[in-house]
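Each chain, letter by letter, is given below.
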Amino acid sequence: NAGVTQTPKFRVLKTGQSMTLLCAQDMNHEYMYWYRQDPGMGLRLIHYSVGEGTTAKGEVPDGYNVSRLKKQNFLLGLESAAPSQTSVYFCASSRWDREDQPQHFGDGTRLSIL
Amino acid sequence: QKEVEQDPGPLSVPEGAIVSLNCTYSNSAFQYFMWYRQYSRKGPELLMYTYSSGNKEDGRFTAQVDKSSKYISLFIRDSQPSDSATYLCAMKGQGAQKLVFGQGTRLTINP
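If you're matching them up, the sequences are chains F and U in order.
Quick note, the first sequence lines up with residues 133 to 246 if you use our numbering.
Quick note, the second sequence lines up with residues 8 to 118 if you use our numbering.
Source of the hints: derived by calculation from the structure; they are not laboratory data.
These figures come from a predicted structure and were not determined experimentally.
Cβ coordinates follow ideal geometry from the N, Cα and C atoms, glycine included.
Just so you know, not all the hints are guaranteed correct.
For lysine-lysine, the following DSSO-like pairs were computed, each having C-alpha atoms within a straight-line distance of at most 27 angstroms [said to hold, decoys possible]:
no. : chain 1 : residue 1 : chain 2 : residue 2
1   : U       : K49       : F       : K202
2   : U       : K63       : U       : K74
3   : U       : K105      : F       : K203
4   : U       : K49       : U       : K63
5   : F       : K202      : F       : K141
6   : U       : K99       : F       : K203
7   : F       : K202      : U       : K105
8   : F       : K189      : U       : K99
9   : U       : K105      : U       : K74
10  : U       : K49       : F       : K141
11  : U       : K105      : F       : K189
12  : U       : K49       : F       : K189
13  : F       : K189      : U       : K9
14  : U       : K74       : U       : K9
15  : F       : K203      : U       : K49
16  : U       : K49       : U       : K9
17  : F       : K141      : U       : K105
18  : F       : K189      : F       : K203
19  : U       : K49       : F       : K146
Chain F residues, not near chain U, derived (Cβ > 12 angstroms throughout) [what the hints assert, rightly or not]:
no. : residue
20  : T147
21  : L154
22  : N197
23  : I245
Use the sequences and the hints to build the structure in full.
See below:
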């Protein structure tokens, strides 16, 4: 049972380059989330989705775009990478039908922007 | 001011000690309170969940919520080196689609 899988695990980019981070979940969850984690800042929500074809902004959406074309996949795009986007990115998913459902996280993508 | 405040530590204690981890929050609408544990280079995983005020116990772990003080705690008894991790509190209101996380506390249990 894979759960939440993030691709790639590591990446180094140059300023101005673009890339897409892929998140896939096999639990048939409706809700999916993208977070970034920086030292001393905890997890900050970038964008989230409450179902296929929907997306919404989180706490720190600037510089990122997302798409949820299939229920099991949630893509995070950086159109023009900046050093401030150096971070560890986590994807999570959860059920929608109960308040106490936990978010299930992937193991993260470590991204460095030079 | 952040909605959820958590002392980032780091916190280092000897094996067998009782550990107390805490978060304060400002939003009185929060009703669902969670503690996540995150090992190095891994994603967070749910450790404890509590609804509204009160205590919940699971083995060596106890979660407490005091809504009147807007304060939540996680206690670890008989701490083990395997408990060394970052602990994140998280919370949300009724019907909310998003969790609000604290900054996380890095805990080390020394053998």
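Verification of the supplied hints:
no.: 1; hint: U/K49 <-> F/K202; verdict: holds (25 angstroms)
no.: 2; hint: U/K63 <-> U/K74; verdict: holds (14 angstroms)
no.: 3; hint: U/K105 <-> F/K203; verdict: holds (18 angstroms)
no.: 4; hint: U/K49 <-> U/K63; verdict: holds (26 angstroms)
no.: 5; hint: F/K202 <-> F/K141; verdict: holds (21 angstroms)
no.: 6; hint: U/K99 <-> F/K203; verdict: holds (24 angstroms)
no.: 7; hint: F/K202 <-> U/K105; verdict: holds (21 angstroms)
no.: 8; hint: F/K189 <-> U/K99; verdict: holds (17 angstroms)
no.: 9; hint: U/K105 <-> U/K74; verdict: holds (19 angstroms)
no.: 10; hint: U/K49 <-> F/K141; verdict: holds (11 angstroms)
no.: 11; hint: U/K105 <-> F/K189; verdict: holds (11 angstroms)
no.: 12; hint: U/K49 <-> F/K189; verdict: holds (25 angstroms)
no.: 13; hint: F/K189 <-> U/K9; verdict: holds (18 angstroms)
no.: 14; hint: U/K74 <-> U/K9; verdict: holds (17 angstroms)
no.: 15; hint: F/K203 <-> U/K49; verdict: holds (24 angstroms)
no.: 16; hint: U/K49 <-> U/K9; verdict: holds (25 angstroms)
no.: 17; hint: F/K141 <-> U/K105; verdict: holds (25 angstroms)
no.: 18; hint: F/K189 <-> F/K203; verdict: holds (18 angstroms)
no.: 19; hint: U/K49 <-> F/K146; verdict: holds (25 angstroms)
no.: 20; hint: T147; verdict: holds (25 angstroms)
no.: 21; hint: L154; verdict: holds (15 angstroms)
no.: 22; hint: N197; verdict: holds (19 angstroms)
no.: 23; hint: I245; verdict: holds (20 angstroms)
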